Each structure stands twice: as structure tokens, then as C-alpha cells.
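Top to bottom, those sequences are chains A and B. Taking numbering that gives the first Met the number 0, the leading residue of the first sequence gets 0, the next gets one more, and so forth. Taking numbering that gives the first Met the number 0, the leading residue of the second sequence gets 0, the next gets one more, and so forth.
Everything labelled a hint here was simulated from the structure, so no lab data went into it. Check before you lean on any hint, since a few could be wrong.
As the list claims (entries may be wrong) - Facing chain A, from chain B, some residues (calculated, C-beta under 7 Å):
hint, residue
1, Thr125
2, Leu127
3, Leu146
4, Ala147
5, Glu245
6, Gly255
What you are looking at is a predicted structure, and each value in this text was computed from that prediction instead of being measured. Note that CB positions come from ideal geometry on N, CA and C, so glycine has one too.
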Amino acid sequence: MIHQSLLKHAGGRYLWWSLALLALCLALFVTQGDRQPPNGGTWQGYVLGTIGALLIVWLSLLGVRKRSYRSTMGSVQGWVSAHVYLGTVLLVVGTLHSAAQMNWNVHTLAYVLMCVVILSGLFGAYFYLAYPRLLSRNRAGATREELFAELFELDRQGQEMAGYCDPEVQSAVKSAIQRTMVGGGPLQQLLGRDASKMTGAGGATEHNQDQQPVIDLVGRRVPRADKASEAANLQALVTLLCRRQTILRRLREDIRLQGWLKVWLYVHVPLTVALLGALAVHILTTFFYW
Amino acid sequence: MDILLRETLGESRGLETHRDTELSGDTFTLGSAPDQQIQLLGADVLPEHALLRSSGSRLAVRCRRGARVNVNGKSTRSAVLDRGDVLEVAGHELTIIDPPAGFDLALALVPNPEVSSSAYEASFRTDLDQTWLSRRGPAWTLLVVVLAVTLGLPLGYVLLVDGEPETRRSGLPPDVLWTSGPLHPVHDLALGNDCGACHSQLFQRVQDEDCRACHDALADHVPDPRASELELAHQRCASCHREHNEPEHLVILADGQCTDCHADHDAFARPLAVAAVSGFSETAHPPFQARLLKPEVSEAGTGFSFSWRYHVESIAGAREESNLVFPHDIHLDEVKVRNPNDSSPLGCADCHALSEDREHFRPIGMEAHCSACHELTFDVTAPDRQLPHGQPREVAFAIEGYFSRKFLNPTADQPEAPRRRRPDRASDSRRCTDAPPVCAERLTTQEVMNQFQVRGCVTCHTVSDNGASDIYSRFQVHPVRLVRDYFESARFDHSSHLTQENRTGDEACLSCHAAKTSGTSQDLLMPDIDNCTQCHGDPSVPDLVTLQCVQCHEFHPSAFGSMNAVLDAVPGGSAR
Numbered sequence: 000m001i002h003q004s005l006l007k008h009a010g011g012r013y014l015w016w017s018l019a020l021l022a023l024c025l026a027l028f029v030t031q032g033d034r035q036p037p038n039g040g041t042w043q044g045y046v047l048g049t050i051g052a053l054l055i056v057w058l059s060l061l062g063v064r065k066r067s068y069r070s071t072m073g074s075v076q077g078w079v080s081a082h083v084y085l086g087t088v089l090l091v092v093g094t095l096h097s098a099a100q101m102n103w104n105v106h107t108l109a110y111v112l113m114c115v116v117i118l119s120g121l122f123g124a125y126f127y128l129a130y131p132r133l134l135s136r137n138r139a140g141a142t143r144e145e146l147f148a149e150l151f152e153l154d155r156q157g158q159e160m161a162g163y164c165d166p167e168v169q170s171a172v173k174s175a176i177q178r179t180m181v182g183g184g185p186l187q188q189l190l191g192r193d194a195s196k197m198t199g200a201g202g203a204t205e206h207n208q209d210q211q212p213v214i215d216l217v218g219r220r221v222p223r224a225d226k227a228s229e230a231a232n233l234q235a236l237v238t239l240l241c242r243r244q245t246i247l248r249r250l251r252e253d254i255r256l257q258g259w260l261k262v263w264l265y266v267h268v269p270l271t272v273a274l275l276g277a278l279a280v281h282i283l284t285t286f287f288y289w
Numbered sequence: 000m001d002i003l004l005r006e007t008l009g010e011s012r013g014l015e016t017h018r019d020t021e022l023s024g025d026t027f028t029l030g031s032a033p034d035q036q037i038q039l040l041g042a043d044v045l046p047e048h049a050l051l052r053s054s055g056s057r058l059a060v061r062c063r064r065g066a067r068v069n070v071n072g073k074s075t076r077s078a079v080l081d082r083g084d085v086l087e088v089a090g091h092e093l094t095i096i097d098p099p100a101g102f103d104l105a106l107a108l109v110p111n112p113e114v115s116s117s118a119y120e121a122s123f124r125t126d127l128d129q130t131w132l133s134r135r136g137p138a139w140t141l142l143v144v145v146l147a148v149t150l151g152l153p154l155g156y157v158l159l160v161d162g163e164p165e166t167r168r169s170g171l172p173p174d175v176l177w178t179s180g181p182l183h184p185v186h187d188l189a190l191g192n193d194c195g196a197c198h199s200q201l202f203q204r205v206q207d208e209d210c211r212a213c214h215d216a217l218a219d220h221v222p223d224p225r226a227s228e229l230e231l232a233h234q235r236c237a238s239c240h241r242e243h244n245e246p247e248h249l250v251i252l253a254d255g256q257c258t259d260c261h262a263d264h265d266a267f268a269r270p271l272a273v274a275a276v277s278g279f280s281e282t283a284h285p286p287f288q289a290r291l292l293k294p295e296v297s298e299a300g301t302g303f304s305f306s307w308r309y310h311v312e313s314i315a316g317a318r319e320e321s322n323l324v325f326p327h328d329i330h331l332d333e334v335k336v337r338n339p340n341d342s343s344p345l346g347c348a349d350c351h352a353l354s355e356d357r358e359h360f361r362p363i364g365m366e367a368h369c370s371a372c373h374e375l376t377f378d379v380t381a382p383d384r385q386l387p388h389g390q391p392r393e394v395a396f397a398i399e400g401y402f403s404r405k406f407l408n409p410t411a412d413q414p415e416a417p418r419r420r421r422p423d424r425a426s427d428s429r430r431c432t433d434a435p436p437v438c439a440e441r442l443t444t445q446e447v448m449n450q451f452q453v454r455g456c457v458t459c460h461t462v463s464d465n466g467a468s469d470i471y472s473r474f475q476v477h478p479v480r481l482v483r484d485y486f487e488s489a490r491f492d493h494s495s496h497l498t499q500e501n502r503t504g505d506e507a508c509l510s511c512h513a514a515k516t517s518g519t520s521q522d523l524l525m526p527d528i529d530n531c532t533q534c535h536g537d538p539s540v541p542d543l544v545t546l547q548c549v550q551c552h553e554f555h556p557s558a559f560g561s562m563n564a565v566l567d568a569v570p571g572g573s574a575r
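With the rest of the complex left out, here is chain B (with noise of 0.2 Å):
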């Protein structure tokens, strides 16, 4: 099929020109583009517009997508057109005119004045916004995406579904996407991603009984009552314990956690009755205070009563009162006490042995650390006869039974060898030609008399006399005491400070503790903060080891009493 297309160029000397294009077959396309059949320019003209058919002297027309024509100056997207009939695309009329001889049918063309052949940028895909890309659609799409995975999905399900604790933790529940850092191990072992178990409320921070759930056992700060007037009350578990940190950060280990409340003389300090402190040095830490054992004697029958009390007090001029008599200087004398065993000197971890809490130490006891060389002889024809210990009125008894065996039975614990005498003594200083019972009860007394006044339990002892003629009940020793704790608030590691600068073993015990030089078990042997901060201070105090609170003193006391013993005198208790 043959098609006449004249388009109509505009008047030149009075006449109108025209140019005729043949076109030829069925189908032809109409558009802006270069390779379109009849190509009309125009921004509302698209790269290829419609696709034309023709049938015998009729042309239908039918528009691509998006595209529009008048057809007789009716909008439309698709017609069949007749004889005489206008098609206008964007301004351009084309007409079905009288074909020519030779052609089958006939189109005249009259282009819109108004367009321009600049107007052929419209037939090429010239911006980008003309492509595929998009800034609006991804835009929605991604608000709509993100919203809804991070946000209703996740809110969903704990309005909605929230499920049981197991299933959470083993599962991976949506609100895992507002987590903002990961859990200390423990936690995540125990709760995995059960938000819920801590945040149990919606906009509400983590409550102390959502810890409490887990931490029930764990002893707070200071008792409740105190607690109230405090701003203590106003600390949340999670004041301290941030959890979510990078890395894993479960305590907030600052001083300023304590001295917020600690540092407040006015507020805190002097209703509280305890000293300010704002770090750790000599002027910002009070000095130690040692809690020591003091008795409270009175008397009772023939003797005395000691009823034990702790006695908080300054290290500067205090004094233990222990009962016991014992000489550190002499004892670490290598010239005049030697190890029993292999005669080396003593030191200080040979009757100080460290305990499993690298702190503290195990009890001194006569048996185990004074009786090798301190034994309980009184005879010295029986070396093998020792008195027993701990029990004066027995002692008495032992000294009796055994001069009333030695005169009563002369026969019996004869010596085992004949003692060499000195020269200058005419003979045995017990020898006694009395009647045996007079002998052994002279003797008694004198060994009885001797071991509480001369030599014997009053070596170590405080022995009180109360002049009576029975001597089973003349002496009183008194009871001994030893602290084992004297810094019951604080802590210490021993053996990480048994390494120091150019010192080790005894001689870094006794750079802290100055055993050498003490002649009286009255001294307290404890040192005070000048010795510490030698090596140590707060953050704030450069080029020496940083110690921060929480490193000597627990926040959490492991029982009620010990976080406050300097607080609290302990009313009336025994030595622990």
C-alpha cells in the first residue's frame, strides 16, 4: 500500500509549498524520534507517539503508552479515521485528503508553527531523570522499607507477640535491631536478645527490680533507712552498670561514682559522722583508721572478765592491746633467734602464711608457729614433760601430779641419763630431803609460782595475781586476741605487692610494716596512707600507679556491716 504524505513548508511568493513523501506497507510509526516514518517535533510529541494502519481508505490510529491524540479535536488513545478526518498530534494537523492517483491514500501535513526544530532534544532521552532513574519512588520506597523493618516490625511484635523469655533468647526477635552495643558475655549468655528481661517497660529506663530479678542475694551500698536520706536513693543500678558499651563495659569503675557523694562534706560527710574524700592522696583521703580488738576488763570473782570490742581508731598513736607478749625485733634478729629447723633466720613468712584471699593470713596459733622453740618444759631432769597449753588451772594440776609421782614413787621417770651439774652448784636446786607429800607439794608451788611470775606462760603472757593462798586459783592469764582484719573496708591484695621496686620477700613486707624495729606487741605494725601513696594516687595525680576507689573498697559490701564498719561501731560483737 502506497501513502501520500504532503507536509505543507509555508508560503513562498504568493504560492503554498509543499514536500511529498511516499511511504509505503501497512503500519507506519509516528513520533519524534529520527527513525519514526512521519517524525514530528515537539516536547509533547514522544520518540515514537502512535503506530498508524491502514485499510483500504481508512487509518486507524493507536497510541503507544502515555500517549495521547485528538482525533476531530476529541482526546483519544485510539480511532479509525475517514476521509476528511483531522488527526492532531501536539499541535500538528494531519488530514486525510483525496489521494492522488497512484496512491492509496493521502495524509497532508500542517506542522505546528510554534514548535521549533529546537524542540528536537524532546526526541532523544537527553536527562536523566528521563531513564529508569528515579529520586521519588526509591525515596518512598526506602522510608516505607526502613520504617517498617525497623521500627513496626520490631514494635509489632512486642505489643503484639512478645514472646516467652525461652523462645526470645534462642530466637532472633526483631527488637534485636534497636539494641545500641552488644552484652557483657554473661548477660548475653543468660538473656540473649530477651529485651524484655531488663526493659520491661516502654520509655522507661531499666528499673533496679528488673536487676533485682536475677541479683536478688546482693547486699546494697548501705542500709536501707540511711539509704533514704541519701542521695544514694536517687542511684539507679544502672547509674554504675552501663551495659550496650564498646568495648564490653559492664561497671563504671570512676572515682567520681564515689566522690559525687563522698567528696560532699556538708551534705554528706558531717551528717554521716565520716571523713570527706575526693581521691587518693594524702590530702584528699583521710588517713587509715585501724579497727582494733580492745577488752573491757572487769572484775569478776577472784579475777577478771574481758568482754572484746572493736574500736575504730587513727593509725598515728594507736595501740594494740592483744594480751600477748611478743617482741618482733628479737624474733627477726638473726643473731639471736634462728630457725629450730635448719638454723636460718626467721622471717616473716614462717609464722605469717598467706591466706587463699591473698589478703588476709591464716591464724597464728602456739602450737603451730611458737612451739618449736618455745616448748612447755618445766623440768629439766624431764625434758620430755611439757605443761599443756591454754589451760592454766590443768597447768597447775600437771605440776602437781608430776612432783607427787617424783617423790611418791622415787623409783619412777627416773632420769633417762645423769644430767652433768655445774661445778659451782653444790647439787640438784630440787632436791628435797622432806617427807615426799611436803616435798612435792613445796615444789609444786614453787614450779607453779615460777611458771606465772618468772618464766614460763608469762614469757607471752599478761598473768594477773590475785595473792591467794590456793595457788589453783591465785593466777589469772589473760586471754589473748589477735585482729585479723584491721582495714575491714578496704581491701588489699599481699601478694601482688610482694614484688617491689628493688625488694622482694621479707624485705617488701617490711618496707610497709616496720617489725623490725618493734619491741612491744602494743605497736600496730599497720601502715598509714603516706605509705601508699609513695607509689600510688588518683587519676588525677601523674606518674604514679593509679588507684581508683572501687580498688581498695567494694561497693557492694559482701555482707551488711563490713562496707560500714567504720560507719557502725560494732555494738558488742565478738573478735570475727
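One chain only, chain A, in its complex shape (with noise of 0.2 Å):
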């Protein structure tokens, strides 16, 4: 399992690893100041520098080695720890090298960048190990598939099953199956918000909000229902839409789930890239004007 392994991979030889060159790090940063005051042209601000941009360019390479399923330098797992740690270090490396010195140019848009996609790298590895436990939990087994194809045969039938009762009934009834709302926009998916909607009593589109509203109005059916056979037929109209409201209560909460396993890549990934263009600007420019 990923999420177990993800910190404690190799008995934390990364944590150690990424302590190292923590240590390594702030004894370059406090041997600075004997001629001038910290920054990032003192020779340790040069090293550090080094020791950043490779950081930064060796964790943009998990992308790569990520898709690489044929390569066998280290295992994904291994990578995935070791990009943890050492992400985490760039945070204080970063920090180091630019020696707090901001202001509006590149080096510093460098800088907020890679703040920022650390900082979100941060919320992926904590969903990475908080939400896969959650995943299972409600998932109780089954696979979304089978849960998707059980929906499926619930609409079937439900419909199926609402052609027999009153228009009122079957209008709510279809029309709630089939303005049913499953993930959606990214709000929906990550607030795992159900916006569907349903034809009510005198044909008003009303709201179905987890489907409790055509469960109540089958359900006030059934005492009124005229024959046995109606409320039978009632009765297990309601239990469907009551298993399906299980359905599709954990198919949006493994979609919500699955959203903010994923949600911060859409940070992570674009601002990396525009990091390594922001680094080798602030590389270049460095040298542009010496």
C-alpha cells in the first residue's frame, strides 16, 4: 500500500537522506556573513543555489520517471518517498540561498513559485496518506465499476418499475433517475455536492438533494395506495430508490475522495513547469548581468 510505505519506504532512508542535506545546508547558510551578509552571491549562496536547482530539476523528473514503466532506476515507490523528503528540504534550501532577500523580479517569482508548488506538493502527500484508508472504507469492497453497474440496473429497474404506478409517481420517479447528478464540475466532485433534480408534485422542477425528496414522496404512496398490489409494487419502488441513495452516496463520496487525491496536481503540475522556466531564467539572467 502506497500510503504506508510512502514516508517509511526503505526503513525512512530519505528522511535521514533529507536530514543530511538539511544539516548540510544550514551550516552553508551560517558560514555566510564574515564579508557581507547572507545571499545568494556569497560562494555558499552559489552552492546552494547548485544544490536547488538540481533538487528542483531531479523532482520534476518523477513526472518522467513516473511514466516510464520500463526503467529501472528505483522503484515508483522509492521516488515517490524521495521526492517527499527532498521537496520538504528544497522548502529550507530555497529559503536559504535567496536568504529572505524579496523583491519583484524574477529570482523572487522563482522563489514564490517554488513555494507555492511545494506548499501543494504538501497537500498531495498529506491526502496521499490520509485518503486511501477513506477510498476503501466507503468503497466496502466493491470497485466503482460495480457500484456504476449496480446504478445502472437500479435506474433500469426503477424506471421499469414506475411505469406501473400513478403519473405523479412515475413522472417524479423518472425524472429523478434521469436528473440524477454524479460528480459533475470540479466543485461537485470536490465538495461531493448532489445537485440533482427531480419533477415534483404539479410538475415543478424541484431539488432531489440526496435523493430523499422522491424517496419521501414515494414513500407518503404507499398508505394511500388503493390496491395491495400498488403498495407492494410502492413499497419496492422505495427500498431501490433507498439502495440507490447508498449507491450513489458512496460513488460521490469516492469521487470527492479521488478529486483531492488529484485536485492539487492541477497546482503542482503547471507552476512546476513554469518554475523551470522561472529557474532558468534566474539562472540565466544571473549571468546576464554579473
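Quick one: dock chain against chain with the hints and give me the complex.
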């Protein structure tokens, strides 16, 4: 399980590597100040900058390594473990290199981009550690495909059973099934919000949040049924809708958790690319105007 | 318009089973979403895939954006189907068949057997990748924007436009994005955003010429011929002057900047015959050497000629040769000497007034500092008659004139009041009963001898006697030269040292200058390094007030010679 071994991979080997690198960088930093205040232009500053730049390039290569399925250069798990530890250390290395000198320039741009990338990565690491357990607990052993297959069958059956009911129930249940929302836009996926609608009594469009309104509507009809068979049908429909509600809840939660496992990447990846660009310009312009 | 949708469900006991659905209207939606009138599952079916429009017995199909269908085996986005035509959507087959009675149109649907109900997920957007969120697009956009704004725009400006300095300074040229920090306020005011004022060439470090474009009057550390032999030739202005730092920090003051060269005995100190310096302590810094004025005396005519040279020597054992007779100890003895104005004891500041530079003192002069006590009177009966100072021949003439007048015109210049005589003296020692010219000459000779040999001039001056019979050319007062700056290659702020621990004023002066015990003006009252190291040390010495090289020594001498006074004995120069 990746979430268990992410930090403890190879006995936390990369934690110790990172701490050693951190100690080295702190030592470099504190030996500055003899001739000029700490900054990126002392020899220690240049060394810190070189370490930081190499780290950034190597950390970015995780995206390449992940896609190289035939690569034998260490396991992806090891890479991710090192990525998390060394990426966190990079925050310190970059800050020490900059000596907290901030201005409106390409150098600070590179620093800010680096910070945002690392912070988004820390969010990602948190989700990777916390969410897989929640995901498997929510699915209760089933896969997402199985849940969707069951939903499809329930939808079919529900529409069929609704066909035997009076027009109002029929319209409500069919519209509820047809206008059920699973997932959707980024906010709906990430918040697990249910924007389902249904055609309620009187033909008006109503909210069908969490499918409860349609269950309530059908449920209220059960005691008012004229015939036993109708009551039985309505009762079966309520049971089906309740089962459907459970499936939908699981699906929404699954989509929500998977969304959070991924959403940080929409910040992390584009800003990494921007960071690589800013880093290249940062290094280049340092020597343009030496 | 009524349409029949007949879906083949499979075979049951040899019979094909169908599910019939009636659709009413002119347009029908087709897709995988649950609200589509014709719902077809599969990863290749979009939630809203196509729109069907019936007209008579024909059916027009138009795909939504990004969707395609096969009509009779041909991929298309829109088509008009007639009876018998087959519309295939991701493996699902829809055939237009003869409509049963009561229907205008009939469609036979044979679902794709390979698609199971688990493909239902494709009907919804369940992955963030299916939303407007994207990684690739923003990544490329940001990369292009970053490169364009921070590299392309400034580089294009520098290479192609590069406006006039005045325009650049007042405006906001794009290459300011490359600055690594703020400029020193003075540079900022003068240069503003004109990066090219200092960075004249890309990929080239700031050259000394760029600095000299403005700082053209600044003296170099050592004269050129020697600089070329030294490591210093490889140093740039920017080796010490670093811009773009925070806090702004234009000069690197660290001792290392100096001791990199000066501590190196073999490569630096010995070839230049200077002492190696590695810091400020009695072991790291050589003892102080004072620059003293020494007269070179040679015989000239019946007297001597004096030429003055600076001579640098260690403080220990050094003697002053100012030709002045001045005991500091007597003047600071409050029993023996008092201020004539208020009878207070004499203090240092009564004679030594600090200059505006707070390091040196204003020149000492007879008239300003001595004459209040040391009057140049020569006859007690004429206390208002004073001899001229600084003109030995005029002194003799003045005495001669005085006595000639006194004896040739006895009524003139009578004492204003009878002076009291001491009882044991019979009469005025200067009483003369001979002929007036004889008396005048005798007393003139007597007083001149007195002035130059007994009291008067000789009190403070060295006087040589050539034994001539002519009293006007017999005596020579040796010229006095006082050193104004004993340590020309060092700076010292006297005023900040006038307050020391438990000491102020004269006490503070005397803590460094041993004037109170100095009985002769040959004593050099300059303190040596051990006096400074009581309180000061370089940064490596704990608990002392840190003293860096540049706090005492200027790197850029204010004029050539000053920095090199220790290196060069100034040839021939006169006292400055």
C-alpha cells in the first residue's frame, strides 16, 4: 500500500538523506556573513543555489519516471518517498539561498513558484497518506465499476417499476433517475455536492438533494395505495430508491476523495513547469547582469 | 410524431426478447446520460452524443461537438437516414425499420454486447480530468508567459531598443525584472533603472571602467606600478563593493578583504618590506610606527641650516626632535602653573584644540598658547615693552633701540611709578653712570646675552652660539617643527574617545598620552598598540570592542602618499 510506505520506504532512508542535506545547507548558510550578509551571491549562496536547482530538476523528473514503466532506476515508490522528503527540504534550501531577500523580480518569482509548488505537494502528500484508507472504507470492498453497474440496473428497474405507478409517481421517479447528478464540475466533485433535480408534484422542477425528496414522495404514497399490489410495488420502489441512495452516496464520496487525491496536481504540475522556466531565467539572468 | 424504439434484449428459450419504448416529439436526444431519450452506454458514447430529428419517414442525425457516428459503416458527424439505413454508435446498432401501425417511424436497437452496465460511469463526469481543469494547458501557458515576460521582453529590450539613459532612469524598462535586489540609495538616485550604466556587457561582470565612469577622482589603493605586481591587480571594484544586497551594503568591510593580501608574509609583506598584518591584536598587528620630523643639520655660514625629513620609526624608543623646550609635567602641575585668567590648573584643552576632523589638533603657536604666561618683556622697568617673537636679529635691534633711547634721552620712557627695591640691593643693576652710548651698548650686549643664554628665548628654544663678537649674528635660534599627524595612514576619532570608562576630559587624554610624567619635549607621547588593545580587538577577540581594518585605515587614500606613507619614506618633503 503506497500510503503506508510513502514515508517509511526503505526504512525511512530518504528521511535521513534529507536531514543530512538539511544539516549541510544550514551549515553552509551560517558560515556566510564573514564578508557580506547572507545572500545568493556568496560562494555558499552559489552552492545552495546549485543544490536547489539540481533538486528542482530531479524532483521534476518524477513526472518522467512515473511514465517510464520499463525503467529500472529505482521503484516509483522509492522515487515518491524521496520526492516528498527532498521536496520538503527544498523549501529550506531555497529560502536559505534567497536569504529572504524578496523583490519584484524574476528571482523572487522563481522562489514564490517554488514555494507554491512545494506547498501544493505537501497537500498532496497529506491526501496520499490520509485518503486511501477512507476510500477503501467507503467502497466497502466493491469497485467503482461495480457500484456504477448496480446503479445502472437500479435505474433501469426503477424506471420500469415507475411505469406501473400513477403518473405523478412515474414522472417523479423517472425524472429523479434521469436528472440524477453524479460528479460534475470540479466543485461538485470535490464537495460531493448533489445537484440532482426531479419533477415534483404539480410538474414543477424541484431539488432532489441526496435523493431524499423522491424517496419521501414515493414513501408517502404507500399508505394511500388503493390496492395491495400497488402498495407492494410502491414499497419495492422505495426499497430500490433507498438502495440507490446508498450507492449514490458511496459514489459521490468516492469521487470526492479521488478528486482531492488529484486536485492539487492541477496546481503542482503547471506551476512546476512555470518554475522550471523561471528557474532557467533566474540562472541565466544572474549571469546576464553578473 | 410517434416513434417506436425496439431494443433487442437477447434470446430467451429460443425466442428473441424485445423491450419497446414509445417516444413522442420531433427531436430526440441520444447519449449515455440518464436523461437522454435514447440511452446508450459505453466509454465511447458521450453523455450527450447526438440529436435525432424526424421528418416523415426519414431521420436526420447530427452529432454534438466531438462525437461521431457510423452511418452504413461510414464515419460521419451528420447524416439523413432512410428506411433500412443503419446508424452505429460505439458498437450499438440502430436500424430504421418499417414502423408498426400507429407509429411514424421505428428504430431497432441492438446494443453492443461488449458493453456492460458498469460502463455507466462514462455517462457522468467523475474525474477532474473531464472538467475544465487541466494540467497541460496551464503548464504551457504559464511557461510561455514566464519566459516571455521575464526573458523575452527584457532581452528584446536590451538587444534591440535599449533607450537613452535618461529615458531608462525615469521609466520602468523591463530588464529591472532581472535585478537581484535594491541599489544603494545614492546609486538608485543617480542611476535608477538604468542597468546598463554598470552592466555594460551581457555575461560580463561589472568592470572597473564602469565604476570609473562616475568615480574618476578616486585614488587607487597603491600606485599603479606596484599594483601590477600584487594580487591587488586582480581585484575589481566589485570585489569589495557589492550592490543589490539587503540590507543595502555597498562596502564589504570584513578584515579578510585586507588580510587576504596583508597577512601573507612571503608573497606580499616581505617583497614590499612592510609588516604582515592578520588582525588587530598585539600579535596580529605590528607595533605602531610614528611618522616623526627629524632635522638634518648642516653648517651654513656662521650657523646651521635645517632641512626637515619625515622619519618613520617604532614608538618604543622614539624621540621627538622638535627643537622646542617644553616640559609637559610642569605645565600640568597645578601647584606650579595656573591659568592666568582664572587661576585654574592648566588642562590639555587650554593648548590642544581639536580640529573639525575630530582626529587632529589645531596648530600650537606662541602667540595663541604661550604668550599669556610667557611674556617677552626684558626690562622690569618697562613691563609694556615686549620683544618680537620669531625674529632673533630683530630682537637684538629692539633691545639696542630700547637702551639707546633710554640713555640718550633720559627723560623719555621714565618708569610710570617708582619701583620698589629690595633692601639688600644697593641700586638698580642696570644703572650706568658712563657716557650714554657706552651704557646703551653695554646694556644691549648684556640683555642680548641674557635673552639667548640665560632666560628669555632660551627658555623654550635651542640656541646655538657661534662666539662671534657681533651680537647681531652670534646666536641662532633653531627652528621649531611640530608634527601634526603622527599616524598618517591611520584614522582616529579623538572626540569619541574623550569619554571612557570612569574617565572624561583630561583624564581620558592622559589615559593614552603620558603627559603628566613627561619632563622633556623629546618624549613621544603617542601610545602604542597595547594601549588600544586594552579595549579593542578584531572580531576574533571576544569581549572587546570590535575594530576592523577599515575603521582605522582608509583603502582609498585621500591623496597619494598618505596610504603609502609607511611604504614610502617621503623623499625630501617639508613638514605638512
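Now for the hints, and whether the structure bears them out:
For Thr125 of chain B, the suggested interface contact is upheld, since its CB lies about 4 Å from the closest CB of chain A, less than 7 Å. Proximity of Leu127 of chain B to chain A holds as hinted, the smallest CB-CB distance being about 5 Å (cut-off 7 Å). A least Cβ separation of about 5 Å between Leu146 of chain B and chain A falls short of the 7 Å threshold, and the interface hint therefore holds. Nearest Cβ of chain A to the Cβ of Ala147 of chain B: about 10 Å, over the 7 Å cut. The hint is violated.
Checking Glu245 of chain B against chain A by beta carbon gives a least distance of about 4 Å; that is within 7 Å, so the hint holds. The interface hint given for Gly255 of chain B holds, since its Cβ lies 6 Å from the closest Cβ of chain A, which is under the 7 Å cut-off.
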